[in-house]
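**Q** Chains as they are written, first to last, in this note's numbering: chain A, 1 to 198; chain B, 1 to 198.
Source of the hints: derived by calculation from the structure; they are not laboratory data. Don't take every hint at face value.
Derived contacts from chain B toward chain A, CB cut-off under 8 Å, selection only [as the list claims (entries may be wrong)]: (1) Ser50; (2) Thr51; (3) Gly53; (4) Ala92.
Below, in silico cross-link-like pairs of lysine to any residue (SDA-like), each with a Cα-Cα straight-line distance of 25 Å or less [as the list claims (entries may be wrong)]: (5) A:Lys90 x B:Ala36; (6) A:Lys90 x B:Arg31; (7) B:Lys90 x A:Gly30; (8) A:Lys135 x B:Glu173; (9) A:Lys135 x A:His113; (10) B:Lys90 x A:Asn39; (11) A:Lys90 x B:Ile131; (12) B:Lys90 x B:Leu13; (13) B:Lys90 x A:Lys135; (14) A:Lys135 x B:Tyr133; (15) B:Lys90 x A:Ser176; (16) B:Lys90 x A:Asp41; (17) A:Lys90 x B:Asp177; (18) A:Lys135 x B:Arg198.
This structure is a prediction, so every number in the text was calculated from the model and none was measured. Beta carbons are placed, not taken as given, at the ideal position from N, Cα and C, and that holds for glycine.
2 protein chains.
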Amino acid sequence: MRRETLQNDDMDLSTLYLGLLHYPVYDRGGRVVCTAVTNLDIHDTARCASTFGVRITYVINPLDSQRELVGRILRHWIEGPGAHYNPLRKRALEQIRVRATLGEVVREISEAHQMPVLTVATDASWQDNAIPYGKMRELLLDPPQPYLLVFGTGWGLTREVLEASDYVLAPIEGISDYNHLSLRAATAIILDRLMGDR
Amino acid sequence: MRRETLQNDDMDLSTLYLGLLHYPVYDRGGRVVCTAVTNLDIHDTARCASTFGVRITYVINPLDSQRELVGRILRHWIEGPGAHYNPLRKRALEQIRVRATLGEVVREISEAHQMPVLTVATDASWQDNAIPYGKMRELLLDPPQPYLLVFGTGWGLTREVLEASDYVLAPIEGISDYNHLSLRAATAIILDRLMGDR
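All chains should be modelled from the sequences, with the hints used to inform the complete structure.
**A** Quick look at the structure:
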């Protein structure tokens with residue numbers, strides 16, 4: 001029943017990437033903004049990404065000061081006192097990269113794999129031609145094609161980002177009419193649906 | 001494909017409860033401790049619980065000062081400035097109750113339903129007789145039996161709590177040998193596996 005387990009060194013075989021986008025995203029009023037980095041989002045996302053075989057998680061923010069902040073957090077846990085205090089956290093955070101734009105990330109992955117990466121946007125509501133989880137799960141089992149799952153902070157990815165993506169994933173549906181998960185919860189559920197051994 | 005959607009008023013029909021236990025749990029050294037409440041755990045858990053049809057989420061902590069802290073957080077969002085700022089957060093947090101002990105919670109649910117609640121512990125490693133998600137999902141569809149899902153903060157539920165539970169749920173397995181999810185991520189994934197429309 002168990003899928004093949006990737007050991008640490010096997011992560012080089014993974015073709016799944018994750019992007020945590022801070023711009024352009026909507027704020028609660030529907031305005032396009034750049035959000036601030038949330039420390040806990042980085043930790044939780046890195047731990048989920050490591051558990052579910054993501055190769056690299058990109059924290060994407062165009063502001064120098066925000067990228068520097070993430071750099072300081074990462075150094076604390078990878079080289080600083082945090083590395084000794086919690087080696088498992090170090091291992092999870094080592095797969096984080098910090099970049100300014102989504103375009104830069106797309107180019108970097110495409111160059112590394114010598115083929116265009118396909119982008120998979122996520123959104124809390126149904127989009128036209130949303131791809132179901134089972135279908136996406138099958139696509140992800142088809143190397144060498146790399147995929148970049150894009151999550152929006154704030155109130156979500158802008159229409160332009162959604163429309164420019166190769167796929168938009170179906171929204172997460174619970175069994176209530178309440179549907180307002182945190183980014184941390186949504187990331188965890190989506191990675192489990194796509195990659196988990198269930 | 002969609003399961004029946006519970007509207008706000010239908011939540012009275014739900015027989016699923018959730019407990020966030022702060023004592024007794026292990027610390028990183030394997031000592032039994034009482035952990036401090038994490039503000040974000042309460043928010044994230046309430047939002048997940050509301051999405052996946054949990055009737056009441058119990059924050060369980062034996063320390064008066066910690067329960068008072070949770071009370072202040074809840075009042076801010078339910079009656080205070082937070083209620084106007086974010087009505088959706090208010091709705092999620094309204095289903096939180098704060099209690100001192102797991103025993104008190106078990107008695108409260110059992111009395112409300114006029115039958116003993118069955119407890120379902122969660123743990124990051126395989127326990128003897130762990131129940132798989134598919135089987136647990138079937139059990140949860142069988143009202144009027146109430147179930148209490150118990151999550152441990154810190155480094156997890158103590159052996160005594162696991163052994164005293166009616167069920168222990170199978171651990172979450174990703175596809176890597178890294179398996180150190182945050183409580184927030186684990187709660188989200190487990191509720192989705194048990195209650196989500198996938």
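**Q** Please go over all the hints and tell whether each is borne out by the structure.
**A** Results for each hint:
1. Ser50: At about 4 Å, which falls below the 8 Å cut-off, the nearest Cβ of chain A leaves the hint on Ser50 of chain B intact, so it holds.
2. Thr51: holds (4 Å)
3. Gly53: At about 4 Å, which falls below the 8 Å cut-off, the nearest Cβ of chain A leaves the hint on Gly53 of chain B intact, so it holds.
4. Ala92: Holds - the Cβ of Ala92 of chain B comes within 8 Å of chain A, reaching about 7 Å at its closest.
5. A:Lys90 x B:Ala36: OK: Lys90 of chain A and Ala36 of chain B at ~23 Å, within 25 Å.
6. A:Lys90 x B:Arg31: OK: Lys90 of chain A and Arg31 of chain B at ~23 Å, within 25 Å.
7. B:Lys90 x A:Gly30: holds (21 Å)
8. A:Lys135 x B:Glu173: Status holds; Cα separation ~21 Å.
9. A:Lys135 x A:His113: holds (23 Å)
10. B:Lys90 x A:Asn39: holds (24 Å)
11. A:Lys90 x B:Ile131: violated (32 Å)
12. B:Lys90 x B:Leu13: Holds: Lys90 of chain B and Leu13 of chain B sit about 21 Å apart, inside 25 Å.
13. B:Lys90 x A:Lys135: violated (36 Å)
14. A:Lys135 x B:Tyr133: holds (21 Å)
15. B:Lys90 x A:Ser176: holds (16 Å)
16. B:Lys90 x A:Asp41: holds (22 Å)
17. A:Lys90 x B:Asp177: holds (15 Å)
18. A:Lys135 x B:Arg198: holds (12 Å)
The structure fails to meet hints 11, 13 from the earlier list, while all remaining hints are met.
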